[in-house]
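Two chains, two frames, some hints: make the complex.
So the sequence lines, in the order shown, correspond to chains A and B. Under this note's numbering, think of the first position of the first sequence as 1, with each following residue one higher. Under this note's numbering, think of the first position of the second sequence as 1, with each following residue one higher.
Please keep in mind that the hints were generated in silico from the structure rather than gathered at the bench. Treat each hint with caution, since some may be false.
[Said to hold, decoys possible] DSBU-like, lysine-lysine: derived pairs with alpha carbons at most 30 Å apart:
| id | chain 1 | residue 1 | chain 2 | residue 2 |
| --- | --- | --- | --- | --- |
| 1 | A | Lys107 | A | Lys77 |
| 2 | A | Lys69 | A | Lys58 |
| 3 | B | Lys22 | A | Lys77 |
| 4 | B | Lys22 | B | Lys52 |
| 5 | A | Lys107 | B | Lys13 |
| 6 | B | Lys57 | A | Lys107 |
| 7 | B | Lys15 | A | Lys107 |
| 8 | B | Lys52 | B | Lys13 |
| 9 | A | Lys58 | A | Lys77 |
| 10 | B | Lys57 | B | Lys15 |
| 11 | A | Lys69 | B | Lys22 |
| 12 | A | Lys22 | A | Lys69 |
| 13 | B | Lys22 | B | Lys57 |
| 14 | B | Lys13 | B | Lys57 |
| 15 | A | Lys107 | A | Lys69 |
| 16 | A | Lys22 | B | Lys57 |
| 17 | A | Lys77 | A | Lys22 |
| 18 | A | Lys107 | A | Lys22 |
For reference, the chains in residue letters:
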Amino acid sequence: AQSVAQPEDQVNVAEGNPLTVKCTYSVSGNPYLFWYVQYPNRGLQFLLKYITGDNLVKGSYGFEAEFNKSQTSFHLKKPSALVSDSALYFCAVRRWNSGNTPLVFGKGTRLSVIA
Amino acid sequence: AAGVIQSPRHLIKEKRETATLKCYPIPRHDTVYWYQQGPGQDPQFLISFYEKMQSDKGSIPDRFSAQQFSDYHSELNMSSLELGDSALYFCASSLRGSGNTIYFGEGSWLTVV
Chain A
1 AQSVAQPEDQ VNVAEGNPLT VKCTYSVSGN PYLFWYVQYP NRGLQFLLKY
51 ITGDNLVKGS YGFEAEFNKS QTSFHLKKPS ALVSDSALYF CAVRRWNSGN
101 TPLVFGKGTR LSVIA
Chain B
1 AAGVIQSPRH LIKEKRETAT LKCYPIPRHD TVYWYQQGPG QDPQFLISFY
51 EKMQSDKGSI PDRFSAQQFS DYHSELNMSS LELGDSALYF CASSLRGSGN
101 TIYFGEGSWL TVV
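Chain B with its partners taken away, still in its complex shape (with noise of 0.2 Å):
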């Protein structure tokens, strides 16, 4: 069955550079969530889209983006990288429904030196 597809699956960026993650949801799941895992821990919320449209709001920094394509692929943008933006992204995809499966990509990760 298909998965959820992320890319880059690996990433290294200097400080104050800008970075971009894709994510292409299973198909014809209709939300994406985006999460961020640091070293040694949990994986925290950024934010997700529903039908295009945001529909929650994590801790996503105010230097970070993120959008959802008519394709239904999602990117997040992220700029002026900080070393603490060092972390494994995850995006998963869903159909609406809190009782529904949410499903994770592999994830990428993003090294900033």
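So here's chain A without its partners, still in its complex pose (with noise of 0.2 Å):
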């Protein structure tokens, strides 16, 4: 079975400061990893994803993911937080599949960009 942990519930950063969100997963196989990120009572929103290929992934509104396999780690960054950042992130992984596996999400880190 696949799993992801979000080891921090709550992440606190200044405005203009670089900001990293952690994710570790557990799969068998190789992973495909997901950032989402949700606005208050709004969906979910597509960040990024890792599949293959680079281990430095570019997604959405600056935010970029590193793929460290030794480390089963896909951690999220930002060089320059802004406050409309603020939110709440998921990270999820597939587990490898020719078909439709669901995505298993993390619990969450919530992120305050300070001004």
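Below, the structure is given as structure tokens:
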């Protein structure tokens, strides 16, 4: 079975500073890794994903994530945080399969960017 | 671009009543997923359909059922509602293949009173 751990319930960062939201995963076989963001009372918005290739993945709104196979991590990063980045961030994993495996989510990390 | 459409956006039901949620996937997407997100919780997978056939089953209660129709829209039927069913229900869609992105709708808020 696959699982995702987001060790921090809350991350606080000052506007303009770099931010990191941590994620580690466990899956048999090759992982497909995703980051989603959820604003209050809204749906889940796709940010970026790692399937194969370069370990550094760039996504929407200036976010990027680095896949590290040896550490089984997929941390989300942004060089300069904005107040509007404040939201709930979910890391998710899908097990490689020729079909349609569902996403398994972490518990989420609430990011608060302070002006 | 067209997104996943869910209806209704908000629903209030009493205990033991029945509720039906509808989902219209992104055009040409062949797979639909249903997730439940309780207050302060991560989304939990309920069930998925590929080409109108059940594909995977997660933690969906026996009181719930779902199906995907010939036009690819899907409905989640919930009966004998309990207070604990109060949650945000997401529908999502994708093209077949685990490397493909799953896109989520805005969700349907169900409140059971």
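Index of numbered hints that the structure contradicts, given in increasing order: 3, 11
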